[in-house]
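As given, the protein sequences belong to chains D and C, one line each in that order.
Read in the numbering used here, the first sequence has 123 at position 123, and its numbers run on one by one without any break.
Read in the numbering used here, the second sequence has 1376 at position 376, and its numbers run on one by one without any break.
Hints in this document: simulated from the structure, not taken from any laboratory.
In this text, a Cβ means the ideal position worked out from N, Cα and C, and glycines have one as well.
One thing to keep in mind: the hints can contain errors.
[Unchecked claim] Just some of the chain D residues that point at chain C, by a computed CB distance under 8 Å:
#1 ILE44
#2 VAL99
#3 TRP109
#4 ALA110
Listed here are the chains, written in short residue letters.
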Amino acid sequence: MADETYRVARTGIHPLHAFLLAASVPLFLGALLSDWAYSSSYEIQWTNFASWLLVGALVFAGFALLWSLIELLRGDRSWRGRPLVTFLVLLAAWILGFVDALVHAKDAWAKMPEALLLSIIVTALAFAAAWLGFATLRAGEVK
Amino acid sequence: MRLAAPLAVLTASAMLSACGSQSDPVQYGPNPTLPTPNRGLLPTMKIASPTGWGDQRPIVPQGYTITAIATDLNIPRQTLVLPNGDILVAEGRGGNAPKLTPKDVIASYIKAKGTTQVKSGNRLTLLRDANGDGTYEGRTIFAENLNAPYGLALVGGNLYVANQDALVRFTYRPGQTRASGPPVVVTPLPSAINHHWTKALAASPDGRFLYVGVGSNSNITERGMNVETDRAMVWQVDAQTGAHRQFATGLRNPTALAVQPGTGQLWAVVNERDEIGPNLAPDYLTSVREGGFYGWPYSYWGQHVDERVRPQDPRKVASAITPDYSLGSHVATLGLAFSTPAMGPRFADGAFVGEHGSWNRTPPSGYRVVFVPFRNGRPAGPPIDVVTNFMGKDGKTRGRPVGVTVDPRGALIVADDLSNTIWRVTPARAAAPAR
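All chains, full assembly: derive it from the sequences and hints.
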């Protein structure tokens, strides 16, 4: 039969998706460093910075998450394996990042030490998600 | 890290959390029950849902009547009864605090839903009842182009007005309906940011000094300690020279000041801090001791340490004075006036307090005018409801009381900054025709 369907299997990550995924990492990291600066100096401006950096990180991570989800749902990628893990790690980073943002809305020292701890966890998760996301670039080369 | 439970709330509604609606502890009087501080992941917000009065009216005790003597004002806050019976109304909205955090942006949007949308009047309106029938048929603009006027005081021929950025003085002649010229600045007042912008005002019995209440520039130092210089305190200003000194400190937001008749003692109502639970910290009525420190920001209700403040100051905490009389948490006391026997035997000795109403607890508190009975010059006994039904049983809010003033001829004047109305409460016998 001539009914052959072709599916283009893209192994690489789309450049815009890559940008969204990568952008959240320095923003979460900035929030973490700002939290650390506030906790060691009591200088309130650092925690204001942290609050906004978190919002920025959540925006980028949110779109990256949406992108991953759509790709998974469209079946562009296998449901199993690295894309799913990347998605789940990024999802965890986003949820905890959102909780972190709510914690940052507590006044003055009320947010400590939870804010700092959450920022450490969230930064690590975002870093892991980015690592996994970009690692797919190389996954296809071997075979 | 109370993370698990509040996550469920997230999906429920935007910023409303349902925590903390257990039975409320008794928080009236000198020894309020103080729970341990707590705050979930989301701050509790329960904003007034404004609506018109329709055929509803504020409710007053049996034997009293209430009438609206002026409507459609531009945010009336405090009033002053002049010697000839005319009433001055300060109208306006102040504050210019920048939004520093995502929270500021969201919270200011939500809170604005519970207040009037009318433009700030920035003026004084004079109301006159020429024939004494209880109808204030005369209405003139006494002064305009002021900057969020709030506190008012008359000393002899000098009318003092506390704008949000300066204490100013008009000359006043009895019977005047319009100021004869622009005011003279007595002294600038702390106005940078102006998170709590209202400047309460009272004059000493001899008229030599003016007391100005200056609120803090934050809830609990979340804008930094640098911006709290000269905030959260009562200034004593020399009426002649404009020189000032700090009379009492640590008063988070002293929104109304009044001098007690007879003793000459200065009293204040103070709005306390938010976000440590629905029953913390109590707003209070207190005599203001010269040189006294009342806790903010380091501690509340005397020496209960607030852990949110860094660096802490145990020495200041140790010196903190416990206030005289708790009025309950988050009721938002904004008005204070000592009574007179002309108000009837039940309200002869004590103070009226206007409670603007809460925005951050469930169920809401305040939204009423209460009377705190006094004996031997001190508060004695629980507060008595005087004007209620600002928040109806349907949960809708029709008015929010601010300033209260006692007319020595036997009337209580209540400014309402939601329905932009001035209410007048009188013993029925004194104003029988005005039914």
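Hint check results:
no., hint, result
1, ILE44, "holds (4 Å)"
2, VAL99, "holds (6 Å)"
3, TRP109, "holds (4 Å)"
4, ALA110, "holds (4 Å)"
The earlier numbered hints are all upheld by this structure, with none contradicted.
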